[in-house]
Amino acid sequence: MVKSRARLIAGTAAALSAALVMTGCGSKSSDGDTAAGSSGSSCVDTSGDTVKLGFLNSMSGAMSISEKTVSDSLNLAAEQINDAGGILGKKIEPIQEDGASEPTVFAEKAEKLIQSDCVAAVFGGWTSSSRVAMRPVFKSLNNILFYPVQYEGLEADHNIFYTGATTNQQIIPALDFLRTEKKIKSIFLAGSDYVFPRTANKIIKQYCEEYGIKVVGEEYQPLDQGAWGTAVDKIVSTKPDVVFNTINGDSNVAFLQAYDDKGLNSSNAPIVSVSIAEEEAAAIPVDLTGQMTSWNYYQTVESPENAAFVKAFKAKFGEKRVTSDPMEAAYTSMFLYKAMVEKAGSFDTEKVIGAADGITYAAPEGKVTVNGENHHIAKTNLIGQVQPDKLIKTIFSSDGPIEPDPFLKTYSWWDPSKE
Amino acid sequence: MNARVMAFKAYFPLIGIAILALFLLVIAPGALSSFRLNNLGKYCCYAIAGVGIGLAWGRGGMLVLGQGLFFGLGAYAMGMHLKLEAAGPDAVPDFMMNFGSGVLPAWWAPFRSGAFTIAAIVVIPALVALVLGLAVFKRRIKGAYFAILSQALTVAFGALLVSQIKYTGGQTGLNSLSTFFGYNLYDPVNKKMIYMITAVILIVMLLITFQLYRSRFGEVLIATRDQEERVRFLGYDPANIKVVAFVIAAIMASIGGAMFVPMAGLINPREVSALASIMLIAGVALGGRATLLGPAIGALVVGYGRTSLSEAYPDQWTYFLGAMFIIVILFIPNGLTSVIPKAWQALNRRRTDIKEVEAV
Amino acid sequence: MDVVISQTFTGASYGATLLLVALGLTLTFGQMGVINMAHGEFLMAGAYSAYMTQQLITNADISIIFALPFAFIVAGLLGLLLEVLVISRMYHRTLDTLLVTFGVSLVLQQAAKDIFGAQAKAVKAPSWLHGQIPIFGYRYPLTQLFILVLSIACVIGLTSLLKYTGFGRQIRATVQNRDLAETVGVSTRSIDRLTFFIGSGLAGVAGVAVTLITATESTMGQEYIIWAFLVVVAGGIGQIKGAVIAAFALGITRAFLTYWTDGSMAVVLTFLLVVVFLQVRPQGLFATRTRSLA
Amino acid sequence: MNDPQTHEPDHLEIKDLAVSFDGFKAISGVDLALKQGRLHFLIGPNGAGKTTLVDALTGLVKASGHATYRGKDLLSLKSHQIVRAGVGRTFQTATVFEELSVLQNLDIAGGVHRSAWGMIMARRKVPTYVEEALETIGLQDVSRRPAGVLAHGQKQWLEIGMLLVQDAKVMFLDETVAGMSAEEREETGELLRRICPDRTIVVIEHDMDFVRTFADIVTVMHGGKVLTEGTVAEIQANPQVQEVYLGRSAEGTAHA
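Residue numbers (this note's numbering), protein chains in the order written: chain A, 1 to 419; chain B, 1001 to 1360; chain C, 2001 to 2294; chain D, 3001 to 3256.
There's no promise every hint is true.
Below 25 Å or equal to it, Euclidean Cα-Cα: the simulated BS3-like pairs (lysine-lysine) are [as the list claims (entries may be wrong)]:
| # | chain 1 | residue 1 | chain 2 | residue 2 |
| --- | --- | --- | --- | --- |
| 1 | D | Lys3078 | D | Lys3035 |
| 2 | D | Lys3062 | B | Lys1142 |
| 3 | B | Lys1138 | D | Lys3078 |
| 4 | A | Lys91 | A | Lys68 |
| 5 | A | Lys205 | B | Lys1138 |
| 6 | C | Lys2124 | A | Lys320 |
| 7 | B | Lys1166 | A | Lys418 |
These are calculated hints, taken from the structure and not from any lab test. Please read all numbers here as calculations on a predicted model, not as lab measurements.
Full structure from sequences and hints, please.
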């Protein structure tokens, strides 16, 4: 019996090692550089009268609260485009995937959309983690991602279009506003513990050093924890002229409740927030009247384009729903894609990217223009103030659209290598 | 009953392993697209961790709710090596430029070496599990206490990774990896190779576990699970028995985590979270915690189910997942694999004896 | 000195919240040995109950008074349902209850998302909780004071319930010796159900309190569940006085660690301290003597 | 199995042993000499401290005083070290490993004598000492059965078998024959007689018939102290013992 067992094990082992060696041999084919398009050709099929586009948003998990709204506005855009005849005469066939609030799932689903569903482009992602997780997938499979959320910049990928703000369209204009209009001398930084707040605060600290503004505190909380009491105590004791708030999502509720609890408000401790939009404001049960935000779009923007957008959105998803910056950026991104494809006359990735430069669109936020070099879009910064009804009104606006500068090359005080 | 037939049955699990090997190493690579195969590879990583959980939980009775910790240790060790590879021989990873001093910390430097990394993937979790296991089991902390503690430690580890952004990349983790020991990660041929290595590791882990289960250690482990104090009166220190199983499970989770990285293309703290740890347990519970193949098969099924259900019902798949937990634990606590072979479980008991009869 | 005072108060606020969440667990986990991972979702149900109450009684000043008992009943009934349908089939399988209730927690989260939508709901605090009172030169927020008072009230209520009522004696009898309790005429099944009802109901009360300090949304329970279990474990399973001390110790430790390091490191270090503490006292602050071998 | 050490006369010397729980003195001032080669019975009413005494000697509860065996102070050792020193015990409710077969139960009891390598190898054959123990306890016919299906008496014998395999020179047997039929008691007594000569065997027992039939020496405990010690005849003649037992005859029968 011992003998037969030995044979069986030996046999299995031999089979295994043979399999390993075989695959090992075949694998030494490529090395080093990840040239675009190195792996397999695109399977996008536009021979019929439809074109498949992927929507990749977290429908489950912690981020679903925000990302479902993006999915909604993407669906609205697709519906409107289809009603108007589609892209190059082809109807959009949206394929929704759930990123489940997990970056690895985003990467996996992006690959699935591109390889199994053969979509021509993908719209979605929210957190920076999800974007950087998807980045190599779009690069290696040579497809396009439209990313609709303001972010920390310092990035310009060949395969990604960034339709939210980069730092010089949101953070820096807010700082300029605070410095020139509000004449602040001190600032307190509060953020969630992840890459956007950390990067934004690095930029803010260098900006403040340049302009002689004192940073009196810098506090972070993990995304899933809302114990803001201690940080607010520090704000109470340091009495900053303004609090720069880079807290993400729901954590804002806990932060602002603690803020309100300890007697702080827009008159004795004003806040500028860069992640509180209409959606978040509505969910915060304390009085935010007078607190400021920095975005590129508010539901209250007065323009025929926005009036139509808000009307259509409410008609489709309900009167009570609000529209926000990332939703608008996502909505806009699909129209930009349509214009790019029509200019290129093709759904081919390289042709579409090649046609991107200079594409403009009269978006709800105003006129936007695609920068073909860094794949961001020129957009106008709007400093807003929260109204008693939780909507946000523009109180200050940049002089027209700001050219995107993701690496802050035009700012002499910026030194990325400084800790 | 024919003795020869019975002896043959003694190796039934080996036949199971062989069938699984055939599926993973021959059928799947031929039938699946590169993308699906890569997914299957990730499930194999969960399965490798699952085999360890089967050992510690199914056979050892320790509900290891914190295997994400060890999965993460292996994954970050591998991630650090691949990140350094991606950065280039003299450069430092991008996030260290953005958030740190731009100088590689001393404890990162050894991970430039592939050999060191592989050793670290095995040794670091083993040491952590050893210290933790001795601390916990010698103090006779067990049951619910142990489960909650290990979960808390996993959460703490995740929070640590998040907060030390200049060393770990923070919430975003180690991403934009491009090569695996010099091989381009996104070349389909290389992807297949990485998959095959993972699948072979899974098979090897199953063979090791097969041997452990039929060894005296395996018997003592069951004895410890069922009657810990009684085992003490056989002259064993049950803490030591448990520590050994815990360390082996930790190493397996770490290896699973390490292989996960080249297939996912990144690693971040979410893979180390309490939820990720419970998902690992889910597969084992579904497959059958105390069986040899159950944990591996369960992990594969849960991985596949998660992908395909969330593709088909992106809005609703959480219901399926929740319902699966409830139904499996409530109605088939011994897992799916216990339903099918109820019949030969009876034979299973007798096979050891027959073997002895023959040997004597 | 200011820091010591402010962080002690802020920490006590964290602690009071933890205590409210953990109190129900000292019953369901401590007395019944059920590791209920859905406890956090019962809290969430309590928070949504407060939201629903506010939809009916739009005056925030009085809605909270109705919300507390309503949330207690809603969460309690959910707990009762869980006990009857699921838990009752799995006593003596402590570790399995953890997994099964984890499944329940997933389902409840998704259900809340489907019923109330993914967006967080705003629950307004009553105006009489707006403001601060000065204590030792620290302006202590009234909301925090309210949570503190509520948690102490719940502790006193629960303790007297267990100590002075027949029901309390029956619970203790059932925990100490099931079979014996059964033979002297205690219906241990009803006791189980009632215990679970009260334990879960307390989570609902905690949910109402938590609407004062955080967002009301489907995953809100997740933030507290591990902390709450650590409170119970560190306090000694089934020990209410242990839970009280552990909750405040954890809360204050966290506040000071947050002050000195940062929010993430405070979580890491507090959890590690609990692990080290359990090395010194594996049975928690207050141990229950057991004579069983296992 | 027959190492030369066993021929030395082995005493388990207990001096001034005391155990207290939260201030309550469960046992105190116990002096005993347990000698090899005779069946030593420990009797006494419930709460007399019999099981506590055994718990103290096997590392289950903390105790003060001295208990020396082969030069080792048992009170300073942990349970598994005490077992390795050659002192074993059984429990009131038989605790065998129900999922393992009788043979496996016996086999893992031999772990004390094995190397780490032996642990990770599968059993190739039944070791002779396991075979012998199996024969001694008379469970050859059911050796392949899972221990969970054994009858109550058989489980107790299996426990004794496990003590044989682990080569315990001192055996504490806690109410081994409780719940057994008369026939089984007879067999158990015979079994104990067989294995007694080169061992120290201490049996906690309530059943006086059993004690009368098999005891070489009896120690009576009462209220945490040793009341008296002697042969069965001496014990029965002792008025103190009668007094202790008379007041509680009802409970005594319930146990028989």
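Do the hints match the structure? See the list:
At roughly 23 Å between alpha-carbon atoms, Lys3078 (chain D) and Lys3035 (chain D) fall within 25 Å of each other, so this suggested pair holds. Note on Lys3062 (chain D) and Lys1142 (chain B): the hinted pairing holds, with a Cα-Cα distance of about 21 Å set against a maximum of 25 Å. A hinted pair counts as satisfied when its Cα atoms are at most 25 Å apart, and Lys1138 (chain B) with Lys3078 (chain D) qualifies at roughly 11 Å. Using a Cα cut-off of 25 Å, the hinted pair Lys91 (chain A) and Lys68 (chain A) holds, with the two alpha carbons roughly 23 Å apart.
Taking the CA atoms of Lys205 (chain A) and Lys1138 (chain B), the gap is about 50 Å. The hint is violated against a cut of 25 Å. Restraint check for Lys2124 (chain C) and Lys320 (chain A): the C-alpha separation of about 18 Å stays at or below 25 Å, so the hint holds. About 13 Å separates the Cα atoms of Lys1166 (chain B) and Lys418 (chain A), which keeps this hinted pair within 25 Å; it holds.
The structure fails to meet hint 5 from the earlier list, while all remaining hints are met.
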